[in-house]
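Engineer: So the protein lines, in turn, are chains R and E. Using our numbering, you'd call the opening residue of the first sequence number -17 and step up by one each time. Using our numbering, you'd call the opening residue of the second sequence number -17 and step up by one each time.
Hints are computed from structural coordinates only; laboratory data are not their basis. You can take every hint at face value.
One-sided excerpt, in silico: chain E residues whose CB lies under 8 Å from chain R:
hint, residue
1, G191
2, Q200
3, D203
4, A204
5, D208
6, G225
7, K231
8, L235
9, R249
10, P258
11, A259
12, A260
13, A261
14, F266
15, L297
16, F329
Note that CB positions come from ideal geometry on N, CA and C, so glycine has one too.
2 protein chains.
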Amino acid sequence: MKRLIVSTFAIAGVIAGLVPVRAHALDEVVQKQTFAVPSYATAAGAIIKDVKIGYETYGKLNAAKDNAILVPHFFSANSHVAGRYKPDDKAAGYWDAITGPGLPLDTSKYFIIGVDSLCNINTKDGVTVTTGPASIDPGTGKPYGMSFPLVQMRDFVNVQKLLVESLGIRKLHAVMGLSMGAIQSWEWAATQPDMVERLVAVVGSPVAGPYTIAMVQQWADAVMLDPKWNRGDYYGKDEPVDGLTMAFKLINLQARQPAWADQTFGRKPAVAGQDPAAAPGNLFAVEKWFADSSLARAKTADANNLICLARANALFQAGDKPTLEDGLAAIKAKVLLLPDHDDLLLFTEYSRQARDILKKQGKRVEYHELEGPNGHLDGVLNIAAAAPLIKPFLDQ
Amino acid sequence: MKRLIVSTFAIAGVIAGLVPVRAHALDEVVQKQTFAVPSYATAAGAIIKDVKIGYETYGKLNAAKDNAILVPHFFSANSHVAGRYKPDDKAAGYWDAITGPGLPLDTSKYFIIGVDSLCNINTKDGVTVTTGPASIDPGTGKPYGMSFPLVQMRDFVNVQKLLVESLGIRKLHAVMGLSMGAIQSWEWAATQPDMVERLVAVVGSPVAGPYTIAMVQQWADAVMLDPKWNRGDYYGKDEPVDGLTMAFKLINLQARQPAWADQTFGRKPAVAGQDPAAAPGNLFAVEKWFADSSLARAKTADANNLICLARANALFQAGDKPTLEDGLAAIKAKVLLLPDHDDLLLFTEYSRQARDILKKQGKRVEYHELEGPNGHLDGVLNIAAAAPLIKPFLDQ
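If we strip away everything but chain R, and leave its shape as in the complex, we get (with noise of 0.2 Å):
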């Protein structure tokens, strides 16, 4: 049985009233799928052999094959879009509270693909099937570190377009995600015009501007100050934890912004009586839960992919042309931006810009910004306050 419940993100949202979700928006048990390439040439012009990369899917694909929505992942997470794999898992996919019947990833209409990237940061978690330094390099037997070849978006599009087309689809009625899943669709609508019907890009920008790559790039930094990380060559032996405990503190508050810390810790210390100002021992409370989440999460994470995939992401701009103009001159795809207004990671700028190049070029673009007190963050968790927004522009 479902129960309607009314979600406390749906109320912070730029959309007036109350949106209805499920507390397990995708009442299923899904499954990690598996799709292998042997042999995979990059756009830059390297090959790498036995291409693996996860996915997973919710909903049927229809006699006509022209119902699959894809939905490639932002940079921290993996193909679980929605839905758990055990029914007692505690957390859904990423985006459970608008994937389901009657949601706005409708699994009564839509073929929902949620697909793994190359150089996925999550080789550790047990539920993330990618290509990456981090995997073993058949010429040798051994991980490639570092000598795994330069990847960009567009090989994230390439390997996962050969899946799409595995499966029999020709044309996709949508291609979104956030973050670096907004990224990966933008590559998408930009190099695959005639297969992409619909671009919804929430929390993310057509181009790394320079203010992106640097920051980006003191992720890899971080990672690469450790002396555990060896120049890539760790596997096997201690790992450089410390380093990526680091880059997930960056990326944890650059994700986020001061009204959500305002709110989750104020000032408040992090244990009752023992004030920070009294002894250099003594943590706030943010601070304690920037060092807890982040060691966390770095000890599911490969050091060698995370540097490989910030790396595509300063890479990245849209079509690969001159220009960004240019780039997104071969959209044919209408297209929903969804940019959240106290984004400090993806600026909200970047999105106006991209929905002023777009409407120059006349094409068909609709613009929101996502409200909320999570900045960037808001793009997973305020997700289901654009429900109102996203249904109808995926189902028109």
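Dock chain E against chain R, hints included.
Structural biologist: Below, chain E alone, put in the same frame as chain R:
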């Protein structure tokens, strides 16, 4: 001879029209002086012997000794507010553009005191005088390292007060500064209300909220991630330059904003013709700038002093009362708040909250948002644009 020029910075400001700024605003050779305190008891109850801080003065103290303006410095600066040490110095003090006859910090009217903080980070620049972890502990004859007592903004102010009193000054015409200089000015106004007649806080907040706490603590974390930091015991050995470089990368990024990066670098490669997408070693110009400028900055800084200073910032709440409202209640100064509209380090919102608290308490507060391409650093680089706001406030 002074030559009138039109500052290009002024054009980008909130101020309509052009502000004439002299090329050498303070046409004086200035000199660093040292103030010493034989024994200082910190707010937390520790004793520090032989405390020394540097200071510089511009203009003349009048007979009534009531024309002094104190200017504490920002995080990465020192007491060099204006002028040059030698006529052929390439750079002048950081607020030279608003210091000099006829300018807001009018040396024909006011006696301006630039003052070094405790734990100043610039221990190797040859012109900073400070006491902190890098100083020799008279008790051991060796650098304090991490045994240096915890110090707070309250301590910075207390030591500065001893300096001010040693000059015979009982009342300050104003205390003003930018960023951590504004933070110290807030603490002055809140804890020495009878001494401070005017407070000018440029890009500074009266409290470190939890988001700021997490941010500044990451600067310290970056330093501590470098194995050469060695728990603070690196004097006479290889110093943690890589960790410091990482910290300055973070600071340099947060002190700017995307528009600055867009205008300065775009997505240009560091070396023409070496496309970053073609090979892993090929950098973007923005990456190279952050790497080079942060390394240069790291070479004149002390790692432990940076950790000490970051902590003092994290601990800050003006007035040291249970609530910020209580802390600000004592203020008697007239207040001018000049936050930056696109500040990603000490967000505009903090200054808006401070303004609202002061107004509610019936205090005299003026509020204007700076604009410009530099984010937080508009408080330095674009300060000339605010001259028409600062000058009448100081002169009234």
